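Full structure from sequences and hints, please.
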Amino acid sequence: MTSSTEMVLDLERRGYTAGFVTDIETDELPPGHSEDNIRFISAKKGEPEWMTEYRLKAYRHWLTLSEPTWAHVDFEPIDYQEIVYYSAPKVKPKLKSLDEVDPELLRTYEKLGIPLREQEMLAGVAVDAVFDSVSVATTFKDKLARMGIIFCPLSEALETHPELVKQYLGSVVPHTDNFYAALNAAVFTEGSFVYIPKGVRCPMELSTYFRINAAKTGQFERTLIIADEGSHVSYLEGCTAPMRDENQLHAAVVELVALDNATIKYSTVQNWYPGDKDGKGGIYNFVTKRGKCAGRNSKISWTQVETGSAITWKYPSCILIGDGSVGEFYSVALSNNCQQADTGTKMIHIGKDTRSTIVSKGISAGRGRQTYRGQVKILKGADNARNHTQCDSLLIGDQCRADTVPYVEVRNATAQLEHEASTSKVSEDQLYYCRQRGISTEDAVSLIVNGFCKEVFRELPMEFAVEAQKLLGLSLEGAVG
Amino acid sequence: MLSIRNLQAGVDGKTILKGLSLEVKPGEVHAIMGPNGSGKSTLSHVLAGRDGYDVTGGEVAFDGKDLLGMDADERARAGVFLAFQYPVEIPGVSNKVFLKAAVNAVRKHRGLDELDAMDFLKLFREKLKLVGMPEALANREVNAGFSGGEKKRNEILQMALLDPKLAILDETDSGLDIDALRSVADGVNALRSPERSMLVITHYQRLLDYIVPDFVHVLVDGRIVRSGGKELALELEERGYDFIREQVKRGQVGA
Chain A
0 MTSSTEMVLD
10 LERRGYTAGF
20 VTDIETDELP
30 PGHSEDNIRF
40 ISAKKGEPEW
50 MTEYRLKAYR
60 HWLTLSEPTW
70 AHVDFEPIDY
80 QEIVYYSAPK
90 VKPKLKSLDE
100 VDPELLRTYE
110 KLGIPLREQE
120 MLAGVAVDAV
130 FDSVSVATTF
140 KDKLARMGII
150 FCPLSEALET
160 HPELVKQYLG
170 SVVPHTDNFY
180 AALNAAVFTE
190 GSFVYIPKGV
200 RCPMELSTYF
210 RINAAKTGQF
220 ERTLIIADEG
230 SHVSYLEGCT
240 APMRDENQLH
250 AAVVELVALD
260 NATIKYSTVQ
270 NWYPGDKDGK
280 GGIYNFVTKR
290 GKCAGRNSKI
300 SWTQVETGSA
310 ITWKYPSCIL
320 IGDGSVGEFY
330 SVALSNNCQQ
340 ADTGTKMIHI
350 GKDTRSTIVS
360 KGISAGRGRQ
370 TYRGQVKILK
380 GADNARNHTQ
390 CDSLLIGDQC
400 RADTVPYVEV
410 RNATAQLEHE
420 ASTSKVSEDQ
430 LYYCRQRGIS
440 TEDAVSLIVN
450 GFCKEVFREL
460 PMEFAVEAQK
470 LLGLSLEGAV
480 G
Chain B
0 MLSIRNLQAG
10 VDGKTILKGL
20 SLEVKPGEVH
30 AIMGPNGSGK
40 STLSHVLAGR
50 DGYDVTGGEV
60 AFDGKDLLGM
70 DADERARAGV
80 FLAFQYPVEI
90 PGVSNKVFLK
100 AAVNAVRKHR
110 GLDELDAMDF
120 LKLFREKLKL
130 VGMPEALANR
140 EVNAGFSGGE
150 KKRNEILQMA
160 LLDPKLAILD
170 ETDSGLDIDA
180 LRSVADGVNA
190 LRSPERSMLV
200 ITHYQRLLDY
210 IVPDFVHVLV
220 DGRIVRSGGK
230 ELALELEERG
240 YDFIREQVKR
250 GQVGA
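Top line first, the protein sequences correspond to chains A and B. Just so it is clear: in the first sequence, position 313 is 312 by numbering that gives the first Met the number 0, and no numbers are missing. Just so it is clear: in the second sequence, position 185 is 184 by numbering that gives the first Met the number 0, and no numbers are missing.
Derived by calculation from the structure, the hints in this document are not laboratory data. This structure is a prediction, so every number in the text was calculated from the model and none was measured. The reader is advised that the hints may include incorrect statements.
To be verified - Which bits of chain B does chain A cover? Going by a derived footprint, with three or more residues having C-beta under 8 angstroms, they are:
| hint | stretch |
| --- | --- |
| 1 | 64-72 |
| 2 | 77-87 |
| 3 | 91-97 |
| 4 | 101-114 |
As the list claims (entries may be wrong) - Pairs of lysine-lysine residues, derived as DSS-like cross-links and limited to a Cα-Cα distance of at most 27 angstroms, are as follows:
| hint | chain 1 | residue 1 | chain 2 | residue 2 |
| --- | --- | --- | --- | --- |
| 5 | A | 197 | A | 351 |
| 6 | B | 95 | A | 424 |
| 7 | A | 469 | B | 229 |
| 8 | B | 121 | A | 453 |
| 9 | A | 453 | B | 107 |
C-beta: ideal position from N, C-alpha, C; glycine also.
Have a look at this one:
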C-alpha cells in the first residue's frame, strides 16, 4: 500500500516512547564555564589537589581549541556558556540498599524497563546507576570486592584508590586529545571506575545505565577500566533519555587499559533521544572512547548498537601496543529522521603480530545521514599486522544517505589488510514478498534489518542482544505502513 | 472461495486485465494459460495485493470478503498464498527465522497460539519431509544463492507451512528441468485438499501433466476467452495460442 517515500514519511511520524521527565530537585551550578566553576565542581566532589589542577590544565588547553569540523554532521553552534556543568539530585547518594533510593528515581527506571532490583536478582548484573551526575546505587559491590575487583563511581575511586586513578586517568585519552575530550577532562562529574586484579575473571557483566535528565545539563561522564595481567572483564553500557526540546550535549570519555593477556569487552546500547521528525531537540553524542592494549596478547573488543542521539560523533578505537594484541570493533548504527551519525573506529597497530577486526553495519532511514569513518594504521615496527574491515550500509527509503570513509596507512610491508564494503537497500520486492507471507511491513523491516546486523548482535552478551534487537525494531517501527 | 467479476486492472495507466471473470470453488484446481503479455502475472499480483497495480473496475470476493480492500499482508493472513515466479532473496535472514515469523503472523490472525522455537521446528521438519527438501537448505538465508529449482521448492515449503485456502502458483514451472518440475509438482499435489483451492498460472501445458487441473482457462489480452476441462490444455499445446486468437477474431469464442 505504501511506496518507499510514504514509508519514510510514516517512519518520521513516530514519536519517541521513552520521553518523560522525572521531577527531582537538583542542586545545580548556574550555566557557564570558568575556572571558578571548575574549582566548584572539584570541591563539591571533594577531590584532591592534583585532580583540581588536572581539570584546570585541561580547561586552559580547551580554551585554545576549536570544535572539529571534519565530520559529516551539521548542527547549530553550541554556546558552551549556556551549559550547566554540574547538577546533582538533592537526595544524597550514600545509600546501602535500593530501598533507600528516591522512589521517584526507581519509577523512572521502571518506565525504562530496567528495574534495578530485577536486574540484581534475576540477571545477576551489578548495576552502577548514573542518574544525572551522581551515582545513586551500586550493587554487588561486596561480592566483587571479595575478589579484589573495584567497581565504583569514579569520584569514589578518587577517594579510595587515588594512586590507580592518578596513574591511568588520561593515559589513553590525554586531556589534549581533542576538543570534547579536553572539555570532559575539565568538567567531568561522574562515571565509573573498574579495576580487575591480576588473573581474575570478573564473574558477572558489569553494567551502567546512564540517563540524562535535568534540562540543559550537559553530561560529562568519564569511565576508566583497567584490566590487570591475565584478567577478563565484560562491561555493558546502555542508555535512554527523556524528551527534551533543547539539544543536550553529551561529551563522554571512556578509557580502557588492558595489560598482558588481559581481555576487556565493552558493549554499548545507546538509545538517547534522537530529536523529533524535523530534527528538533535530541542529544549530541560527542564521545571519545579508546582502549590501549598495553600488554602482550591483550585484547579489547568494542561492540556498539547506536540507535539514538541527534548527532553521533564516536570512534571507539584500539591502540595495539603489546605484541600479539587484538582489537575488535563491531558496530550497528541507525540514523532515522534527521539523525546524523559519523562513527567508526581507529586501529593503531604498533606491536608485532597485532590483529584487528572491524565490522560496521550502518542503517539509514528517513533523511538520516550515516558515515562510516575508519582508520587502520600500521606503524613501522608492527611486523605481521593484520586487519580485516567490513563495512556494510543498508538504506531504507530514498531520502537517506550513507558514506564510507576508510583511511589506511601502512608503514610495514609485512602487513595484511582486507577491506570489504557493500551498500544495499531494503527493496519494495523484499517487503512485498514478506507481506505476501503474512508478515506486516513493520515486522518485515525489522526482520531484514536484524538479519543485516546479526554478525554484530552475535558479539553482544545474550540479554543485551535481545534488547538491541527490540530497540532496532522499535526505532524503525512505523517505518512502512 | 474466490469470485472474480469483470476485473479491470493495469499498471502505469496501461490497462492489462480487461474484464476478467472467474469462479473458483473450494478444493478446485484451475489452470490459467495464456501467451506472454496476456495478463497472467498481473492477475496473480492483483490478487496478492502488490503495490503499483491499479484496479479500475470489477470486484473480487474471497471467502465472502472484499479482497481488493485488504492489504497484501492481510490477504496473506486471510489465506491467500502466492508462489512467486521469481522468489525474492533476503540476505541475512535465515529461511527458518523468516518462516517462523510468517507462520506466527498467520496463526495469530487465526486466533491460534504462536509457536515457540521447538514447536515450530517440529512442524518445519514435518513439512520439509512433505516437500522433499533437505534441512540444510532450509537453514540458509531466504532464497540467497538458491538454484531455480530450490527457490521453487522453497515456495512450496512455505505454502505447506502457511496452509492457505487459496494458492496461486505463478509460472511455477519456469526455469525448472523435468526432475525439479516433477519434485515441485509432487509437493503441490501433496497439498491438494478439499478445502484448498489452487490457481495454477502457466504458459506451458507441461506442468499440467503433473498438476492435473479440474478446469483450464485461456487468458488472451486480459480476458478469459475459453474455458474447459483438462483436455483444453492438450488442445492448446497442439494447436498453439494463435489458433485461439484466430478463433477469438472470428468470433467463434467469446469473452
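Each hint, compared with the structure:
no.	hint	in the structure
1	64-72	holds (count 3)
2	77-87	holds (count 5)
3	91-97	holds (count 5)
4	101-114	holds (count 4)
5	A:197 - A:351	holds, 24 angstroms
6	B:95 - A:424	holds, 22 angstroms
7	A:469 - B:229	violated, 51 angstroms
8	B:121 - A:453	holds, 25 angstroms
9	A:453 - B:107	holds, 26 angstroms
In terms of the numbered hints stated before, the structure departs from hint 7 and from no other.
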